[in-house]
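A.B. asks: Chains as they are written, first to last, in this note's numbering: chain A, 79 to 331; chain B, 697 to 1000; chain C, 84 to 436.
Hints listed in this document are in silico derivations from the structure and should not be mistaken for laboratory results.
One thing to keep in mind: the hints can contain errors.
Claimed, not checked - According to the in silico footprint, chain C covers these stretches of chain B (three or more CB under 8 Å from chain C):
id : region
1  : 735-748
2  : 807-815
3  : 870-884
4  : 925-935
All figures in this text were calculated on a predicted structure; none of them were measured in a lab.
Beta carbons: idealized from backbone N, C-alpha and C, even for Gly.
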Amino acid sequence: MSAMLELSDVEVRYGRLVALRGLSLEVHKGEVVCLIGPNGAGKSTAMAAIAGGVPRVAGSIRLNGQELPARKPEQIARLGLSLVPEGRHVFGTLTVEENLRVGGFLRGNARESAAALERVAGYFPRLKERWTSPAGRLSGGEQQMLSIGRALMTNPRLVMVDEPSLGLAPLIVDAVYEILLELREREGLTLLINEQSSHRILRFADRIYVIRNGTIQLHGTAEALRDGEAIKAAYFGFKGTGANANVVEGAKA
Amino acid sequence: MINFLQNLIDALSLGSLYALVALGIGLLFGILRLVNFAHGDFITIGAYSLILPSASVTATMVIGSWHWEALIPMVCVIVIIVAMATDILVFRPLRRSSAPTLMIASFAVSYMIQNGVLMIYGARPKAVNLWSALTTQINFYGLREPVLQLVTIATTIVLMVGLSLFLKRSRWGIQMRAAAEDFRMAQYLGVRGNFVIGLAFAVSGILAAAVSLLFLAQTGALSNVMGVPLALFAFVAVVVGGMGSLPGAVVGGFLVGIVTTMLQAYLPPDLRVFRDAFTFTFVIIVLLVRPAGLIPSRSIVERV
Amino acid sequence: MFIRTALRGLITPLLLILGVAVITFLGVLGGDQVQTSLTEMLIRMVVVVGMWIFVGNSGVISFGHVGFMCIGGYAAAWATVDPNWKSIMLTGLPDFLQNGQYPFPYAVIGGAVLAAVVAIVLGAAIMRLSGIAASIATFAFLMIVNSVYSNWDSVTGGTSSIIGIPTVVGPWVAFAFAAGAILLAYAFKSSRFGLMLRATREDEVAAKASAINVFRVRLAAFVLSAGVVGVGGALWAHFLGVLTADSFYLSLSFITLSMLVVGGLGSLTGAVVGVVVVTIVVEVLRALEGGIALGKATLSLPPGSQEIGLGLVLALIMIFRPSGLTRGREFRLPWLQSRAGVVVSNTAPATGE
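One chain only, chain A, in its complex shape (with noise of 0.2 Å):
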């Protein structure tokens, strides 16, 4: 099975701060992946770099085995790949219909792009009361819906989302998840999915990455890594005792 993006020794500098060195990791068509790492393990980075928002000095990223274009975000977009970033970024002072449409307008048919608005309101009735309003105004959670909304208006194939709990209370994040996973049910997405903690991971994801230091440290299925030692190990780079299993599951909660 050949996988739908893939990453292979891709390195990210800042200046001379290394980002990501040599980072490799796949996703395969229909999957859940995560990524999971502390602040500043690259994760963000990672997806600026697929994104194209980021150059990179060496490496390569394919999707559906062609080589992604570096640093032209705006051509990534229009093969099936968006990303919805950490924070959001919801453009404050347009509408959460004009926000929508900012994702819609690629489509070039706007038939289409009504016919996908449609449709992501379907998903969102939240965002569907509050129409007119600017995106400014809304809550944490409409506007983590929003912008999931907004990237789904670009008719993604794989979607790629920041850090979807940042900020947000618990049960918000459930809703959050559910949502991820009815897109992927209903629109067949592939999800690559950023968070600092396993805590509920464990529960969607198929496969998980630990991204420590720009590089992978660990991968396996959601599965084998259930009982959470490995996983820990690997984000604070030691052999776990079992100490400090809580930090690690407690992260975010």
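Given chain A's structure and the hints, the job is docking chains B and C onto it.
C.D. replies: Just chains B and C now, with coordinates in the frame of chain A:
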């Protein structure tokens, strides 16, 4: 009373010119963080495009003698081409540069355009007669106003409404606003960054072309630095209104226009020569009270 | 060891001054034309180094410094011009200027002080603005100065010039002031204030968080910088012998800013190098405009090429070498470098601890 009303119409007419210039500048600032000094020179080019390129003192109209229905689009096209060319040649290579760098680059562009015009058309100002019919005055219950003033105000209103509809309703307008707020995010969603910026330059070119015609019809004189004072007043207007906010640019433009006209009308004669100094002092005082301008832009505050 | 440390601290300004001295010495051997250009360059160096004290350290572009040059130049001229002439042309001057005539050094001090005082007032008003808004406000200031000085007939002579200013500034006088400006600028850069100000340039929010009063450090630099530029104006007046307000406007503002950017805003070396390089470029273009004999034909560029050429140089530098010719580094001798790395880098973020 009649006198005051006349002054008020003058003020609104000047204010609308400043508002149009400020909109052109504010639009690019919103999207690119570019403080475009060359905007005034786009206006100069619009005015010079009416006449035959020659260094002779008298101006020979070419496009300037066309019927207005052909003249206006032609001038717009010329200014749009120049505006987009500056983007492609100078600002596109500087896309990732800081705001101060962009500002100095635009200063350099401005300087080059001014001297380019000087090279082609000579240094001496030229007299041009554009649409002299518009200077006839109409009498309205003792209020005597040149038609031109009213045309200026009307044009400004039409352009402002047009721009606002464009930004609110059209697909390109929405993408432009999205890009203005969060350029990178817009790109992640497939918005073609360079295209949207080029479009913004084109729109600011149309605004500059409109100003060049209205201004030239009023003053009747061409000079290679004619756009500079307009741009400088508009900058100040943009800052007073609140950088990055288009309603702010309009409000600032009208405010600066009104203050200037009223100072001209009501300052004692021997202080009148210092009118601009008073205007700018007023501006600095406004900024003291409201450092972020009258209508601060939310997106900028959030960025900091 | 002690000498080595002291030398290390002073090596940059000393090397710069030495370099400028060599240029001055070579220039003085040339003809009148060369000497004139040389003096002009050295005075501009005073102005640009003065501007750098504020612009280079704070990262806030100022278009208004030429206004301080104007203020300094006029103040100095008021002091040194023949009282008989003043009593006819400048009837609005205060008594001590109207009837007195003062030696050149006093005039220079007067120019610096007046420019600095105006900078205190202006700076108090605009240094609280964000960087870009402050830049535009300095533009407004330039326009105010221009409007006042070209219209206040009884004090500035209005659009007619002030003439008969004693022309006491030659290459070596200008060199002495340029050297002084370099030392002063370097001292400021190395001072606590300079360090704090550069921290605000890198990251205003972080600098504020580390308890730096951005307003106060910016204002201090602004005032010092205006004073030095005011000296430059005084020198200019006593070099040309004639003053018109319009010569202190957009063109000069453009040229001085180009000098800063071409050399590199990030370092004092950049300011000095920028002045020399831009002067050479401008002089070459000016010569080409005047016409150069190539065999039988004369090649001459049309008027305006000088300005367009300078604009082009500036644009190319910004596109291909955004941090200027010096890349924001200071001129040093490698063997005097500290191994411990105490040297504060200009490129790395200097967010205080």
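A.B. asks: Next, verify each hint and record whether it holds.
C.D. replies: Status of the hints after comparison with the structure:
For a cut-off of 8 Å, the count of residues in the region 735-748 of chain B with a CB near a CB of chain C stands at 0, and the three-residue condition is violated. Residues of the region 807-815 of chain B with a Cβ under 8 Å from some Cβ of chain C number 7, which satisfies the need for three, so the listed coverage holds. Using a Cβ-Cβ cut-off of 8 Å, 0 residues of the region 870-884 of chain B lie near chain C, which falls short of the minimum of three, so the contact claim is violated. Under a criterion of three residues with beta carbons nearer than 8 Å to beta carbons of chain C, the stated coverage of the region 925-935 of chain B is upheld, 5 such residues being counted.
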